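*Asks:* Protein chains in written order, with my numbering: chain A, 1 to 130; chain B, 1 to 223.
A couple of the hints might just be wrong.
[What the hints assert, rightly or not] Below, simulated DMTMM-like cross-link-like pairs (lysine to aspartate or glutamate); rule was C-alpha separation at most 25 angstroms, straight line:
1. B/Lys14 to A/Glu87
2. A/Lys4 to A/Glu48
3. A/Lys106 to B/Glu63
4. A/Lys109 to B/Glu145
[Stated by the list, open to error] In silico contact screen, one side only, chain B against chain A (beta carbon under 10 angstroms); selected entries:
5. Thr20
6. Thr24
7. Asn25
8. Ile26
9. Ala28
10. Ile40
11. Leu43
12. Val47
13. Asn67
14. Met134
[To be verified] Label pairs and their computed distance ranges (CB to CB):
15. B/Ala118 to A/Glu20: 34 to 44 angstroms
16. B/Arg193 to A/Gln12: 21 to 31 angstroms
17. B/Glu206 to A/His67: 52 to 62 angstroms
18. B/Glu3 to A/Gly26: 54 to 64 angstroms
19. B/Gln195 to A/Lys106: 42 to 52 angstroms
20. A/Leu102 to B/Asp120: 48 to 58 angstroms
21. B/Arg204 to A/Pro57: 47 to 57 angstroms
22. B/Thr88 to A/Leu101: 43 to 53 angstroms
23. A/Gly26 to B/Ala49: 39 to 49 angstroms
24. B/Val47 to A/His67: 27 to 37 angstroms
25. B/Ala86 to A/Glu116: 35 to 45 angstroms
If you are wondering where the hints come from, they were derived from the structure by calculation, not from laboratory data. Predicted, not measured: the structure shown is a model, and the values here were computed from it. Glycine included, every Cβ here is placed at the ideal spot set by N, Cα and C.
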Amino acid sequence: MSWKVLLVDDEQDFVSSLAERMELRGIKVDTAFDGAEALEKIEKGEPELVVLDLLMPGIMGLDVLRHITSKHPRTKVIVLTGHGAPEWEDEALRLGAVSCLLKPVKIEKLIESMTEALGLSESHDTDTAH
Amino acid sequence: MIEPRAREALFMGKITRTITHEMTNILAAIGENSALIEDILSLAGDVSAPTQDRVGRAFRIIEAQINRGVALATRLNSLAHSTDQADTEMDLNDVVEQIASLSARLARLKGIDLKVEAHDRPVRLKANPLRMRMVLFDCLELLLEYLQSGGTVVLKPGERGKIEVKVDFAPEKPIRVADVDVQGLLVSPQWVRLQEYVKGAGGRIEINQTSGELRLILARGKR
Chain A
1 MSWKVLLVDD
11 EQDFVSSLAE
21 RMELRGIKVD
31 TAFDGAEALE
41 KIEKGEPELV
51 VLDLLMPGIM
61 GLDVLRHITS
71 KHPRTKVIVL
81 TGHGAPEWED
91 EALRLGAVSC
101 LLKPVKIEKL
111 IESMTEALGL
121 SESHDTDTAH
Chain B
1 MIEPRAREAL
11 FMGKITRTIT
21 HEMTNILAAI
31 GENSALIEDI
41 LSLAGDVSAP
51 TQDRVGRAFR
61 IIEAQINRGV
71 ALATRLNSLA
81 HSTDQADTEM
91 DLNDVVEQIA
101 SLSARLARLK
111 GIDLKVEAHD
121 RPVRLKANPL
131 RMRMVLFDCL
141 ELLLEYLQSG
151 GTVVLKPGER
161 GKIEVKVDFA
171 PEKPIRVADV
181 DVQGLLVSPQ
191 WVRLQEYVKG
201 AGGRIEINQT
211 SGELRLILAR
221 GKR
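In isolation and in its complexed conformation, chain B is listed as follows (with noise of 0.2 angstroms):
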């Protein structure tokens, strides 16, 4: 039997798997008709040089706007996607790039550059490809939430023996992932939520605020 919690999660994915396409089609729709403006334009002789250099220009951010727009209902379906699946191979290479592009507006609102450096070879995890999007997720936005507008974050899929996504965050801010008293009370909802995630998922974090280094340490991946 399936936890209604878990039903929710496959009634959002399959929504947002319909909507996401159906953007891409609209997307698809008012590029093709705006290169047919072009093409019409560019075949009538009774315009200007300068107006036809304007009217480019706008095509040209036509252009790119809708490129934004597929690039992010594609991560998004590719994100939808994940909500039905059990324990699957991915490439985390993949799922960073994929939680950073969908992060990337509450990094601009933070003023946080937010940036992937890929590994130069797939590096492959078997896990729950929710939960591992979930625990990358939770890991940005506990940064996001602590570090200084002007910082950036360079998300680093890494391979030594574990998977291990590396955070570089400028440390002249410390992550606070925590108000410790002498009881250990009133520890950051966010850290305790990660904690418990990365946990779940038979691993570790490792913050070294020195060197501005957090390491999320997950299970062992094949090579």
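Next up, chain A with everything else stripped away, as it sits in the complex (with noise of 0.2 angstroms):
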């Protein structure tokens, strides 16, 4: 895949092996453990796609989505949070995220979003790991 996504969340330990497993399914993952982190990489090299978590240390997600939408209108975001901020989940949408998931997700759902963001068909190459 020639696209690039670029995930958000300070839990690192779920972060890391998520990017290690869209890794494994040939998609190229960067990772930001906090919003300040997540705004330098995003100006450095403008990401397709961002998966974002909303709560977060420092700068909150809903900043970094906002920074997004104004600066990098072409960058997609898929927001990724855990429970506890419907409201939170209503004012990313409002602002321009793609979809809002839940988690824990699953890969194969997050993945079916991400190309859906992305308007990408779901024939992309994910056979190396199932």
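Fit the two chains together into the complex; they arrive one by one in their own frames, and the hints show the way.
*Replies:* Spelled out as structure tokens, the structure:
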């Protein structure tokens, strides 16, 4: 796959293994463990897609989302969060997130949402791991 | 000014919301790392098929337990949100599902099968969300105390002009709501508490010992 994903979540044990699983399926992944790091990486190399947690220390997910939609409108955002802030999820969709998913999510479902967000067919190269 | 009891409920609600969110994160990390091990094993060429099967079964169990934990944490998180809400419109189906899920262990310890038969459409109700859940929980607690082991309780949100929760129980052993003597003393404390809650919510309770039905009739709902 030629597109690049940025996973943003302060739960490092979660995001590192999710990144590794995506890489096993041929997806290019970068990670950021807080909002500030995410903004820095987005500025350096605009990813096609960001998978974004909402509740993080420092710069919150909604602020990262606002920055992306105003400065990088071509970058798609999928929110992946734990429960506890349904009003934030509504706000994220209003701000331009493509979809909101709840943790834990099956990787197949996440990849399906990612391909939909990017307007791609689902016949991507995911045959490395099942 | 907020009453001390209400402040306590707010405190518990806030702590519970935070911790259940954290629990979900923990379960998600366990799930993701478990799935990663499974991915790596599936790519390793030197693992025998029987070993793959055994490992696969273990992963299915981990996944099922994670799903169980997430479902409980989600229900508990939702309950915790109810502590800081005033009268709110809700779907009685959701409330009953939530309380049944959180009470499942209590029922299991008593050997009672607890089920929900949700209404086929939303049953709208405007009420204090915490009080509504307490009423339902007390109703369940009362039933679980008096019902025989091996019985079944089916919670059915209903709508017949008024909001109803119908509870079917095995009629072999009637619900003993009170050991009433001629002076009307010795009434079960659970029953008294339940009556108080329900009366406070503008409703009433009807028990039909013969058919094995208890109806918790609450205020008129929105259609």
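*Asks:* Take the hints in turn and mark each one as holding or not.
*Replies:* Here is how each hint holds up against the structure:
no.	hint	in the structure
1	B/Lys14 to A/Glu87	16 angstroms, holds
2	A/Lys4 to A/Glu48	6 angstroms, holds
3	A/Lys106 to B/Glu63	10 angstroms, holds
4	A/Lys109 to B/Glu145	43 angstroms, violated
5	Thr20	7 angstroms, holds
6	Thr24	4 angstroms, holds
7	Asn25	5 angstroms, holds
8	Ile26	9 angstroms, holds
9	Ala28	4 angstroms, holds
10	Ile40	8 angstroms, holds
11	Leu43	6 angstroms, holds
12	Val47	14 angstroms, violated
13	Asn67	8 angstroms, holds
14	Met134	22 angstroms, violated
15	B/Ala118 to A/Glu20: 34 to 44 angstroms	40 angstroms, holds
16	B/Arg193 to A/Gln12: 21 to 31 angstroms	47 angstroms, violated
17	B/Glu206 to A/His67: 52 to 62 angstroms	58 angstroms, holds
18	B/Glu3 to A/Gly26: 54 to 64 angstroms	59 angstroms, holds
19	B/Gln195 to A/Lys106: 42 to 52 angstroms	47 angstroms, holds
20	A/Leu102 to B/Asp120: 48 to 58 angstroms	25 angstroms, violated
21	B/Arg204 to A/Pro57: 47 to 57 angstroms	50 angstroms, holds
22	B/Thr88 to A/Leu101: 43 to 53 angstroms	26 angstroms, violated
23	A/Gly26 to B/Ala49: 39 to 49 angstroms	26 angstroms, violated
24	B/Val47 to A/His67: 27 to 37 angstroms	45 angstroms, violated
25	B/Ala86 to A/Glu116: 35 to 45 angstroms	39 angstroms, holds
Of the numbered hints stated above, those contradicted by the structure are hints 4, 12, 14, 16, 20, 22, 23, 24, listed in ascending order.
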